[in-house]
Amino acid sequence: MELKPGSRWKSPVCDTEVVIVRPSKTPVNLECGGQPMVPHGTPPAAGLELSADFSAGSQVGKRYSDEETGLEVLCTKAGKGSLSLDGRPIGEKEAKKLPASD
Amino acid sequence: MHTALLLEMASDAAPDRIILGELAEGVSFAELAGRARGSAAWLSGKAGETIVYLGLNGVCLPVAVFAAGLLGKPFAPINYRLPDADLRKLVARTAPSVAIVDDDMLARVQGVDGVTLVPVSEFRAVCADESHRAGELPFVDPDIGVLLFTSGTTGEPKAAVLRHRNLTSYVISTVEFLGADADEAALVSVPPYHIAGISAILTGVYGGRRIVHMPAFTAEDWVTQAAKEKITHAMVVPTMMSRILDILEERKEKLPRLKALSYGGGRMPQIVIERALKLLPHVDFVNAYGLTETSSTISVLGPEDHRAAMTSKDPKVHRRLGSVGRPLPTLELEIRGPEGEVLPAGVAGEIYVRGEQVAGEYLSKKVIQDDGWFPTNDAGWLDEDGYLFVEGRLDDVIVRGGENMSPGEIEDVLRAHPNVGDVAVMGIPDDYWGERVAAVIVPKDGQPSTEELAAWVKSRLRSTKTPEIWEFREALPYNETGKLLRRLLKAELVKSAQLATA
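Protein sequences appear in the order of chains Y and D.
Residue numbering for the first sequence follows the working numbering, starting at 1 and increasing by one per position.
Residue numbering for the second sequence follows the working numbering, starting at 103 and increasing by one per position.
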């Protein structure tokens, strides 16, 4: 899967949707709920199930990033599945909240 | 990433939250998203590659911003205060385009080649007509989000290019998604063609803070609206701040609901911000420094910094009230010398910045370097703790006998004099010194003597920084967004200096 910045992906097993903020330095598979994510707009596939190991959920508006590969995504829609890269869970990026300036 | 996705996220997550308009007739996220979609579908049937907006702030503005985004067409807000001839010339440069125009401005741009006019009343009707919302939108790969024309005080306005990725990077890295409390509201009084007007819409939507637009700024209306609309947040330019404080004092209004007031878009006189801190002790003040070319804010002096600077006895900390705080953590910022060398703390040079929100590009030319660094053309320096002090445009720095001087520093000192209402300091060409320091003073409560003013500066700065040319005027020339028209003033001063020696 080519995780280009700005490209949108959805989970095949829950409502989670993400947009790629920063690409990965190496080829990698992005998964949600234990299943590879599919391009936004792909019709739902039958027969796939949410893995219990990846069911902590995703939160809309949170950024998830992986130090090892540099990949960063923004969750644009929340779902029951949690995100992983080649089976390795990726964590929430610490939010840097700034005082409102606009 | 696409600006319209910011709205899509928010309207999915909080469809019923009121995001636009006054308390009495607010527009929800779901309704804003619907209007953006419907008007985008309708606009897709019109010829034109750019969506122009010529009008005052209002509920149609955010709709048009997101509709343009959905269509993948640049959004170009135009300065309606330009003289008619300049306005037509600028609008002509956007062709082929569709222009959404306030009804009472239509006559001014009628018949410009390649520009399809849509009266804002018609646009409003399109927004309200739900039948448009089911319309198919063409698939687009969005690129340029916004075209902003610079104020053009130095010549033809340049079209600054802000790409969707610059704008969205700024928003998602500085604002917490739906982080605002449901009862928060921001009063937006900067015009649509100012970068702060655009970023207020994007960050307001992403943060979920209700946006209340003022069609045009007066300090009286601002204070009235702030109280009536239960405003918690606002951004103003320095000239607005000082007039707002006058009205607050006059009306003995404290604006108890106001939580945060940010300012930027020009140098804030230290005396004004000190007055603001005293008058509104419950308010969090934020000084934001940014440029059109950087998608808004790149450095912030936060509320705690303000309070620490105000109360500190340490002169190093106190003077930070005159700084723009520290650069955003998502950016790199350096001060460089004329040869491009990086300068250490305490030494002034040109401010360079690098980061994803930095566009640094005009339609006519790219200013950003291949390695991503953008020379801002602003002069400044960092203190040892990383606080940034901006001295103004590089061209405005006064060089007298090899010594660099910031006009702002001298202006601050003069403004603190009881008989000085307003002041502008600039360098006037001089055969011997290169430049000499000139000051234009707007007197207050009686005209001070030039000897007295010279002694005032000399005792607080040093003799080389003391103005040698003085002029008194009734008012200084500002543009409508509060920028002092320094070059205009300088040209007039140079002319009168030549006359004096001729």
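Among the hints, erroneous ones may be present.
Here are the simulated lysine-lysine pairs, DSBU-like style, with alpha carbons at most 30 Å apart [to be verified]:
{"id": "1", "chain 1": "D", "residue 1": "LYS361", "chain 2": "D", "residue 2": "LYS260"}
{"id": "2", "chain 1": "Y", "residue 1": "LYS4", "chain 2": "D", "residue 2": "LYS191"}
{"id": "3", "chain 1": "Y", "residue 1": "LYS25", "chain 2": "D", "residue 2": "LYS468"}
{"id": "4", "chain 1": "D", "residue 1": "LYS567", "chain 2": "D", "residue 2": "LYS418"}
{"id": "5", "chain 1": "D", "residue 1": "LYS567", "chain 2": "Y", "residue 2": "LYS93"}
{"id": "6", "chain 1": "D", "residue 1": "LYS468", "chain 2": "Y", "residue 2": "LYS4"}
Which bits of chain D does chain Y cover? Going by a derived footprint, with three or more residues having C-beta under 8 Å, they are [stated by the list, open to error]:
{"id": "7", "stretch": "275-289"}
{"id": "8", "stretch": "360-370"}
{"id": "9", "stretch": "373-380"}
{"id": "10", "stretch": "400-410"}
{"id": "11", "stretch": "512-518"}
DEER-style ranges, computed between Cβ atoms [claimed, not checked]:
{"id": "12", "chain 1": "Y", "residue 1": "GLU67", "chain 2": "D", "residue 2": "GLY474", "range": "45 to 51 Å"}
{"id": "13", "chain 1": "D", "residue 1": "GLU486", "chain 2": "Y", "residue 2": "GLY41", "range": "37 to 43 Å"}
{"id": "14", "chain 1": "D", "residue 1": "ASP497", "chain 2": "Y", "residue 2": "ARG88", "range": "29 to 35 Å"}
{"id": "15", "chain 1": "D", "residue 1": "LEU381", "chain 2": "Y", "residue 2": "GLY57", "range": "44 to 50 Å"}
{"id": "16", "chain 1": "D", "residue 1": "LEU381", "chain 2": "Y", "residue 2": "THR26", "range": "42 to 48 Å"}
{"id": "17", "chain 1": "Y", "residue 1": "ARG88", "chain 2": "D", "residue 2": "ALA126", "range": "49 to 55 Å"}
{"id": "18", "chain 1": "Y", "residue 1": "GLU92", "chain 2": "D", "residue 2": "ASP285", "range": "40 to 46 Å"}
{"id": "19", "chain 1": "Y", "residue 1": "GLU94", "chain 2": "D", "residue 2": "ALA557", "range": "34 to 40 Å"}
{"id": "20", "chain 1": "D", "residue 1": "LEU590", "chain 2": "Y", "residue 2": "GLU92", "range": "35 to 41 Å"}
{"id": "21", "chain 1": "Y", "residue 1": "GLU94", "chain 2": "D", "residue 2": "ASP285", "range": "56 to 62 Å"}
{"id": "22", "chain 1": "D", "residue 1": "PRO531", "chain 2": "Y", "residue 2": "GLU2", "range": "35 to 41 Å"}
{"id": "23", "chain 1": "D", "residue 1": "LYS468", "chain 2": "Y", "residue 2": "GLU67", "range": "31 to 37 Å"}
No lab work stands behind these hints: they were computed from the structure.
Even for Gly, the Cβ is constructed at its ideal location relative to N, Cα and C.
Results for each hint:
Of the pairs offered as hints, the one joining LYS361/D and LYS260/D is violated, with about 36 Å between alpha carbons and a cut-off of 30 Å exceeded. Simply put, LYS4/Y and LYS191/D have alpha-carbon atoms about 39 Å apart, too far for the 30 Å limit, and the pair is violated. Under the criterion of a C-alpha separation no larger than 30 Å, the hint pairing LYS25/Y with LYS468/D is consistent with the structure, at around 27 Å. Between LYS567/D and LYS418/D, the direct Cα distance comes to roughly 20 Å. Compliance with the 30 Å bound is thereby established for this hinted pair.
Annotation: proposed proximity of LYS567/D to LYS93/Y is violated, straight-line Cα distance about 49 Å (limit 30 Å). Annotation: proposed proximity of LYS468/D to LYS4/Y holds, straight-line Cα distance about 24 Å (limit 30 Å). Proximity of the stretch 275-289 of chain D to chain Y, defined as three or more residues with a beta carbon under 8 Å from a beta carbon of that chain, is established by the 8 residues found. With a cut-off of 8 Å between beta carbons, the stretch 360-370 of chain D has 3 residues touching chain Y; three or more are needed, and the interface restraint holds.
By the rule of at least three residues with a Cβ nearer than 8 Å to a Cβ of chain Y, the coverage given for the stretch 373-380 of chain D is violated, with 0 such residues. Evaluation of the coverage hint for the stretch 400-410 of chain D: fulfilled, as 3 residues show C-beta separations to chain Y shorter than 8 Å, against a requirement of three. For the stretch 512-518 of chain D, the stated coverage by chain Y is not satisfied: 0 residues place a CB nearer than 8 Å to a CB of that chain, which falls below the threshold of 3. At about 21 Å, the CB distance of GLU67/Y to GLY474/D disagrees with the hint of 45 to 51 Å.
Checked against the hint of 37 to 43 Å, the C-beta distance between GLU486/D and GLY41/Y comes to roughly 52 Å, which is inconsistent with it. A beta carbon spacing of about 53 Å between ASP497/D and ARG88/Y contradicts the range 29 to 35 Å that was offered as a hint. The given range of 44 to 50 Å is respected by LEU381/D and GLY57/Y, whose C-beta atoms sit roughly 46 Å from each other. Taking 42 to 48 Å as the suggested C-beta distance range, the pair LEU381/D and THR26/Y does not conform, at roughly 56 Å.
At roughly 52 Å, the beta-carbon separation of ARG88/Y and ALA126/D lies within the given 49 to 55 Å, and the hint holds. For the pair GLU92/Y and ASP285/D, the beta carbons lie near 27 Å from each other, so the given range of 40 to 46 Å is not met. Between GLU94/Y and ALA557/D, the C-beta spacing of about 54 Å breaks the proposed range 34 to 40 Å. Range check, LEU590/D to GLU92/Y: Cβ separation about 51 Å, and the 35 to 41 Å hint is violated.
Between GLU94/Y and ASP285/D the beta carbon distance is about 27 Å. The supplied range of 56 to 62 Å is therefore violated. Between PRO531/D and GLU2/Y the Cβ separation comes to about 58 Å, which falls outside the hinted range of 35 to 41 Å. Taken as a hint, the range 31 to 37 Å holds for the pair LYS468/D and GLU67/Y, whose Cβ atoms sit roughly 32 Å apart.
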